[in-house]
Amino acid sequence: MSEATVADTRRLNSKPQDLTDAYGPPSNFLEIDVFDPQTIGVGRNRFTTYEVRMKTNLPIFKLKESCVRRRYSDFEWLKNELERDSKIVVPPLPGKALKRQLPFRGDEGIFEESFIEERRSGLEQFINRIAGHPLAQNERCLHMFLQDESIDRNYIPGKVRQ
Amino acid sequence: MSFFSFGQTAEIDVVLNDAETRKKAEHKTEDGKKDKYFLFYDGETVSGKVNVTLKNPGKRLEHQGIKVEFIGQIELYYDRGNHHEFVSLVKDLARPGEMAQSQTFDFEFTHVEKPYESYTGQNVKLRYFLRATISRRLNDVCKEMDIVVHTLSTYPELNTSIKMEVGIEDCLHIEFEYNKSKYHLKDVIVGKIYFLLVRIKIKHMEIDIIKRETTGTGPNVYHENDTIAKYEIMDGAPVRGESIPIRLFLAGYEMTPTMRDVNKKFSVRYYLNLVLIDEEERRYFKQQEITLWRKGDIVRKSMSHQAAIASQRFEGSASAEKALSQAKEDDN
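Protein chains in written order, with the UniProt record's numbering: chain A, 1 to 162; chain B, 1 to 332.
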């Protein structure tokens, strides 16, 4: 019996793709922007908030569009919740900048424009990394952070079902 | 090595009878260099000559015996003292005595069993060699000649394709298919990846070939993983319903046949690793074992077929044509 000397490299048969799938919007649309920093308050009680706007078509998120205001400590709260409850390696937050909060600085400290921009960019990277992670997407703390008006620190941690 | 210049020393070397005609094969040495060695297959006879050359003319060489051995052994790097010999043949060439002049001895190891393929790995080495020895009181004179053994297989009767649906619930579902489960070393992996659900942002997809060498038994098992190949099969984000083809030519990579539990000492297995990487550099992968085997290079025509071809050279020979078609039928 003769053996084939050249291997058959023809493609395997595959189902033709549905054109609405091919040209429709992809099912993985998720965009989160962190922008519009506003410093609120006076004197020593000042703090900066950022707008966190999310647009998505992932079914796990109840709202397809949401817009909330969050401050740095809210991001810290989210990081701690995820480190405790989820199995993911949580990415780092931009620095706490304690040195900038000391008195007798020549500049505006944590309200310096360049610092706020650096921090904004780091927070945006942070939240996008987490929200796209399949193992973090069903954490209630993430949904509350992104889509609820305010964060209830006495919430019951858990998973969100689709 | 004698300290007294008035002793007699000898050199010994081994030469194969078919050194002119026998093919050589490349084989990696322990330090990564590549060398060529004579290639043998299971059942082949190993025959040759042992030349003993006396260095100081006129002096006699006292010895306790001259012999040649054919050895197949497994050496575990973490246990160098113990060589596990699975083939050990000896031919005595000379009884203890004196040699007055240089001499050549013939030897033949007939139809030697060589059950395993030569292998040099990360933690283990399997080798075959001829060793000629002149036994002496203080120290032996010894010469080793390594050979390389390849194990051949034929096309397996059963060679099912590998087809599976895997994924992460509600995030990513794919169906992957590879056309075979057993591939020879010069084969082509033909397959496809079909996307059923894509809710993550995929950046690209690759297929890796991983070699896993396992040594030791029981609680002391060592695995050495080595990525032999990384081959990108998709660049960009797929959507539901897309089929990505795979065509991976194995001949370009340095691989050995799959070796399972060789002499109960080690295994060498190969895996295809399908890896998807998303925009945040997260990796999603699925590993699948494949069996690799070595195909013989020469397609051996039967004797009758060869004779028929030879007789065809005589023009107009009706009997030659008949012989040729008969031989073809016999072959099939």
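I should point out that these hints are in silico values taken from the structure, not numbers from a laboratory.
Source: prediction; values computed, not measured.
There could be a bad hint or two in this list.
Simulated coverage check for chain A against chain B, where a stretch passes if three residues somewhere in it have a Cβ under 8 Å from a Cβ of chain B [stated by the list, open to error]:
1. 12 to 23
2. 27 to 38
3. 58 to 67
4. 129 to 135
The beta-carbon is built from N, C-alpha and C at its ideal position, and this holds for glycine as well.
We went through each hint and held it up to the structure:
1. Look at the segment 12 to 23 of chain A against chain B: 7 of its residues bring a Cβ nearer than 8 Å to a Cβ of that chain, three or more, so the hint holds.
2. Only residues whose C-beta sits within less than 8 Å of a C-beta in chain B count toward coverage, and the segment 27 to 38 of chain A has 3 of them, enough to reach three; the restraint holds.
3. A stretch counts as covered by a chain when three or more of its residues have a beta carbon under 8 Å from one of that chain; for the segment 58 to 67 of chain A and chain B the count is 3, and the coverage holds.
4. Look at the segment 129 to 135 of chain A against chain B: 4 of its residues bring a Cβ nearer than 8 Å to a Cβ of that chain, three or more, so the hint holds.
In summary, the structure agrees with every hint in the numbered list given earlier.
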